[in-house]
Each structure stands twice: as structure tokens, then as C-alpha cells.
Amino acid sequence: MKKFASLFHDLDSMTKTNDRLDRLVVYFENACPGDSIWVCWFLAGNRIKGAIKTGELRSFLSERVNLPLWLVEECHDRVGDLAETVSLLAGSNTVNKPISLDETIRKFLMPLRTMDTEERKETLYRAWDYLAMDEMLPFHKLLTGGFRMGVSKGNLCKALARVGKVEPAVIAQRLSGSWNCDNLSLEDILDPSDEAKDRINRPFPFCLASPLQEKAESLGKIEDWQVEWKWDGIRAQLLTTVGGSGMLWSRGEESMDESFPEVLECIPHLPPGLCMDGEILAWGREGLRSFSRLQKRLGRKNPGPSIQKKEPVRFQAYDLLRVHGEDLRSMPMEKRRARLEDLLKKVPDHLPLGISSLIKEKSWAQLELRREESRDRGVEGFMLKKKDSKYESGRVRGSWFKWKVDPFLADMVVVSAQLGHGKRANLYSDYSLAVWDESGKLVTVAKAYSGLSNDEIEEVDKFVRKNITGKFGPVRGVTPSLVFEIAFEGAQSSGRHKSGVALRFPRIQRWRKDKKIEEADTLEVIRGYAGMNDEVCNETGPKSDADGNLLLF
Amino acid sequence: MTLYPLKGFPSTLITQTFFLKNEVLESRIQGLYCPAGDFFIDPRGNVPRAVVTHAHSDHGRPGHGSYLCSDTCEPLLKLRIGQDCRIESLPFGKQIKIGEAIVSFHPAGHILGSAQIRIEVRGKVWVVSGDYKPQADQTCEAFELVKCHGYVSECTFGLPVYRWQPEQMIHQQINHWWAENARDGLPSLLFAYSLGKAQRILAGLDNNLGQVFVHGAVYPFLEHYERAGARLPAVIKVERGQDHDFNQAMIIAPPAVEDSTWTRKFRSARKGFASGWMAVRGARRRRNLDRGFILSDHADWDGLLEVIKATEAEEIKVTHGNGDALTRYLQEQGSNCTVLDGAGIRGEEEE
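Chains A and B, in that order, give the protein sequences. Going by this note's numbering, the final residue of the first sequence carries number 561, and the count climbs one at a time with no gaps. Going by this note's numbering, the final residue of the second sequence carries number 348, and the count climbs one at a time with no gaps.
Treat the hints as calculated values from the structure; they're not laboratory data. Please note that a few of the clues may not be correct.
Stated by the list, open to error - With a straight-line Cα cutoff of 20 angstroms, these simulated DMTMM-like cross-link-like pairs (lysine to aspartate or glutamate) come out: (1) A:K479 with B:D256; (2) B:K262 with A:D110; (3) A:K474 with B:E255; (4) A:K521 with A:E464.
Make the full structure from the sequences, and use the hints.
This is the structure we're talking about:
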């Protein structure tokens, strides 16, 4: 329990994902496997359910520390967290004989679920007598189920992968589904021996395109290139194993099975040992929908039938990397495409599975004209893939390009600032930006972190420090004065922001020292970019048929 | 009683609840007033005679006609409100007569020179605690319990979640943190109130670990602490235009400079804050700090209860902080306790 408590407190005080990852690796390398498996189980999102009701916990506590219940509740209000309140009030300076996390859980937590009130009280009292001060908070976080340590399941897999020298994808497969600490051990998770067997079931590193920075003509003949729309969704690989199961794997190296169960329903209709590269898109009866519709599905695990029906998705395939266990990545793009088309022809129509259509134009100039359709279609521009190219790992130059549409631009006012991290720690380098609404007030529409030079950041920092108007946690209100030109990829309606809009990928284009705040843009302009002034467009999104072909003509 | 408005005084603080009025003390808008001696205690505004518990800015304010404080408080108060103010001082324990009142100072254990003020009028004794802590502190006079009929107690940390560890433990934690940062080649920037807390931390530092620097606001108090017998390490005052190698250093600065350009010198530093407020995790996290050290110069919950009980006071008034919870608790225990009027809640910025 000591090592776990120290892990808990360290993760709690760390602010950077990478530091947390490193710390977790150190834990797994030093803790005993019986404890590590519990940490895996909790970080994978599992909870000990039904151990205690919070009302009961409060009344036990009140009785034990001899404080009236109202005072316990007063404390809870001040502290804001029940687990921490219990820890602060019931904690004592006992020096205990250390027992393992596994033993602590099996002795003091698991049995609570089946006990009657008196037994439960006695067990908790014994736990409070037993636990040292620093073990109290982690223990009660496990008890109340509010266990969060800023480590995602994906990062858990990465940490385990580093410990066991097994790939994150393999770990993710082993950790998926429902399991408990009695039927899965750390040894099973880190076992390198069946790597070879697993290999044919594993996703591949994604091939990433570079931005096209020169004229398209410089790429040579247009006939040598395969052109597709650049879809505005979530990059993913859809896999089937030889055993008949499958997985949806994200570029963030995480399994997305729980978020998009309908895509997994395709698996029985697909050949075994398959890996397709593609994009998850919001896709209704009318075709492609905007990314904001897809966002309604993001972060929602195990979506119910109603949300699946209201916000349908599909997997838009654009590459075939493996089939029947055969690795096709060194095959030319053109051939892989042909195999993909063949394969998808055999798949039943009702499945949420499509293919990314090809765009054929005679010249680069004509293609450039068609790029203008991108905004209306709800895509981000073109993908250009050389027809003789292999599927490579990571960012490639020369064979895959993304030819994006130009970003939107708007002038915005800095209204608050926050200290940056890392190299920019102690510098106000993160800004909230606002535009004018109809009533003449500045409303925040975006946050931007990047785009200024170091000298400019120092200059803004100086200004911020002299012009702080208020504190809101780590955020400092700033007298509106600075105007930045902000580039962004799109705007969408959002209930989270007061302004009602949220921008995609906002970044600072330049500092408009020549502009006064009165000259900044209005909310109406931003709404116009989101198509929000136009009700119809907002509801249905861009019009296209099931293949993504334009229906505007 | 008459309330006369004071210029620039926020009206929200004028609450009509629980005025104190007896032959020893009464509530007035400027603060507590002793009619028998015609003086105020820790007053606001401008009054002819101010008796001051200690040199913190929410107790010893500039602008009064003359001041009375403890001997060790005097030089600190002068630094705060100006060398030209009329200040007289008394040794701890010595009784003097002011009008009809017998007044004496008794150590409050809060910071150097901090006093509880005992006032006796016609056999009735009231004690105004100022800020106090019964816990050990090597940099100031130890808290002295004074029995009385009425006790005006602070209660900055009036909830049972605030319970302090012995100061040696916290000093150890700070030294450990410093050593760790120095090993990583990073400065340790520790925020602490410039009068009292900063000196208490300095006294606990292991100066084998590296050079200690202090902000200019901390520096002037040090000589007076040393004169009073506190053993402090050698420090360097951080001054404009001077360049030092801070990479293994400990730097002590007041929390108010956290947002100023001053801290930019220590961009790579790990940042900590030493305060009783750090007992609650949310307070720590909101500040975006690397570490919080739970070190307070106020009584914790248990300290408040013990002291209040031990004074054997028949009447208790609480001020400064979460008085409502403490008051209700004491009332339920059978004490005659109420919240003093005008008792403001303290924010995390002050202590």
C-alpha cells in the first residue's frame, strides 16, 4: 500500500502526461505483480461497486471522530471531496506494519459489499486505525469510486508496453473486455511469448501525410496520383483477428471499441486477419455530417441505442493493409486500392462501412478548382497519394500529401491569460480570445497557445502582468487591449461556451498591433463561418450521397 | 451605541450582528474599543490610541495617533507603518494602567512579538487574542495561556479538517523537496508570508543544501529576528541587476509576487507554498504549484478548542475566519460563544 500511496500522490501532483507515464513505469517496475494488476484494473476504468453509500460513510465518520454530522458536512463543503474529507478527519499518525495493496483491497474493501451495516462499520474503523496518513486518501478514493489519476487507458497500455517490451496494441487487446484480478495476471498482460501469434491480429503504425507546401504542379503528372477527399473525422484502423474478434484502433493508440460498437458489428462480415485504414465519420441517411455531430459520440462509452440512432457513424475505409493475415503494406497503393474495392463489394450494404471515393481530374488546375467544394462538402481538402507508394510508418514526405483548404481568419481580443507549461512555465502564453457580440460585449470564442515568437510572448507576458483585472483559479483576467489575428479550421455551435460557438484548431496567425479592440471581429462573422446563421445547413450538414459525392448540383 | 461612518470603509463589513458591549470592551466601527482606557485594539481608520497585537498589516495599520505594542513587535511594526510613527512598547507580562484599565501583553506565539492583550477593568478580565498558535515555533515567544472572563479568539482555521503536524516534520519535508530540486538542478521557489512564516521557514532550512535567497520584502525583518535570538541561515537578498546562479538555491518570496515579473527570473523553478490553506488539496491544485507545505502560524482546530477551554472564559467571541462552524460547535458543547461583528472571512491570500 505504501508504494501505491506514493504513486497516487505523485501522479496527483504531476501536471504533465509524460511525467505521469514515467512515474507509472517506475511503479510497475518496482511493485509486486499482485498489486500492479489492481492498478491496471482501476486505471482501465473499473470500480469496486456497492462498497458503501456516501451517507453511511458520513455517519460512520461522524460517530468515529465524535463530531456532529452537520460539521462533517460543513467540512465536506469546504474540501469539496468526500474521500479527502474522510482522510483529513479520520487520519491519524499511526505507524503500521505495511501490507500490500492487494491485501488492503481484499481485507478492507471487497468484503464491504456483502456485509451488514454493523460489520461494515467495524471493518472501516479497523481500516482507519490501520492506515497511515498518506494511505488514507488513495484508500478512500478506491472506496468511493472517484479514482482518477490523469492516466488514460491508452497511457496505461503505453506504460505497460515499456515495462514488458510488448507493443501497446497487444496490451490493449489483452486489457480489453471484462476481466478481474483473479482471472488475469500482470504476467499474462506482459507475456512476450505469444507476440508472434498476436502479431497477425495487431494494428500497424499509421502512415501520416505531410502538408503540401509547394504548388501541386511540382508533384509531376496528375495521373500518378490517387486523389481523395480529406475526411474530417477520426483516423482509425479496423481489425479482425484470426480468432473471429476484432478491434477499432485509434491514432492515439487506444481501442475505441466501447465508443463505436456499431462499427464492430461489421467484423463477422469481414475476412479474418484484416486491417483497414480509414476514418470514423458522422454519417446519417443524407450522408456526411459535420465533425461537431461526431463529437456528440466522442468520449461517450457504451452508447445506448437512441444515441446510436440519432448520431450514426460509419467507418470510411481508404486503405487495405492486411487480409487473411497477409501484410500488404509494401504493395503499391494502386493495387491495395483495387483489393480494397473488391473486398468492400462483398460486404452487405446495411453495415456502417464505406469507401473513400476517388476524385478524377485531368489537370492540377482543374483539381484546384474542385478544392473549392471542400467547405461545402464538410471536408478539409484533398489527400494526394502516390499510386506506386508503399504504406509506410509515421510521417512520410514525397508520397502522401494533405492539400488543405486555407484556414478561416478573424481578429480577436485577448481577455484572459494563463501561465504556460514546460519552456513557457512562468510566462503568460495561453490566451482566451473574444469577439464582440450583438450587445457590444466581448465573448470568448477560443483559446490559443501557439503562433507567437518568443520575443512576442515575452512582450505579451509583460503586458499581462501589468494589466491583471481578476483571478479565476489559474486564469488571470486581462484588460482588453491586444488584438490577434486567429486562424482556425472551422467553427461549430457549442453549448459549453457562453458565445455558443467553438473553433477548431485555433492558433495565432499574427499580432495585429495596428488594430484597436473596437476593430476586432463580431460573433456574427464567426457564426457565419460555422454556417450557424443558416439554420438548414446547421441541421443537416453538407449534402452528399452515400459515397460522399456532392449533391449540390 | 452610535455608528459613525468612516471614509473609504466598505459598507458591507458593517453588520449589526452580535455587538460586543460591556464595561471592558465594546465593538466600534474601527474595531474593538476599551472605554475605560479610551483606546482601540488593532483598529482601522484613524484613532488617537491604538494598542496593537502584532505587526501584520491587517492588525497594525498606519494612520493612528499613537501606538502601543510589545517590545519585540516594535521594530517590526516600525518597518510596516513607518519609522516616524509614535510607538511605545512594553515587555511581555508587565502591567500598566491606561485610564481605568490595567493592560498587559502576553505572547501569542503567532509571529515574533505577537501578543494577546489582557485588559482588566474593575476586576473583569478580557483577553483579545489577536492571531495565535499554541504550537511550537523556534522563531517567536511561546504562546502563554491567560485565564479570563471573556476571550476574543481568532478562528482562521475553524474547521476540523485543519490539523497541523509538528513543525519539524514540515521542515523535513521542505528540506527534502529542496534537496530533490537541487539534485535536478532546479531552483526551489517557496512562497511564504514575508513576516513570520518566511523567518520560520528560514530557521528550519538545512543550509548545507545550497544558497538561500530572499525577496526584498522578507529581508528587512531578518535582523530583528536574529536580535531576538532566532538562528537564521546566511541569506542573499535578490536585487535588480544582480546575477546569481539560482540552480540549486532556495528562494523565499511573498505569495503576492507570484504573478509579477519578479518571478520570471526563476522560470525553471519548482514552486511551493507554505500555508495552512495547503491542507486542502483543492487549494493546492488551484494555485498550479508543484508542492504545498502545510505550515501555519495560526491555531488549528484542536488548538482553538484547547485554548478556548483552558482560558475558562465565560464568554467567547470569535473573529477572523469560519466562525460560524466553531461557534455552533462550541454552543452545542454548552459554551457561551458568538461570532463578533465585522468578523470577515479570510481568503487564501492572507493568513
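Tested hints:
{"no.": "1", "hint": "A:K479 with B:D256", "in the structure": "10 angstroms, holds"}
{"no.": "2", "hint": "B:K262 with A:D110", "in the structure": "46 angstroms, violated"}
{"no.": "3", "hint": "A:K474 with B:E255", "in the structure": "13 angstroms, holds"}
{"no.": "4", "hint": "A:K521 with A:E464", "in the structure": "11 angstroms, holds"}
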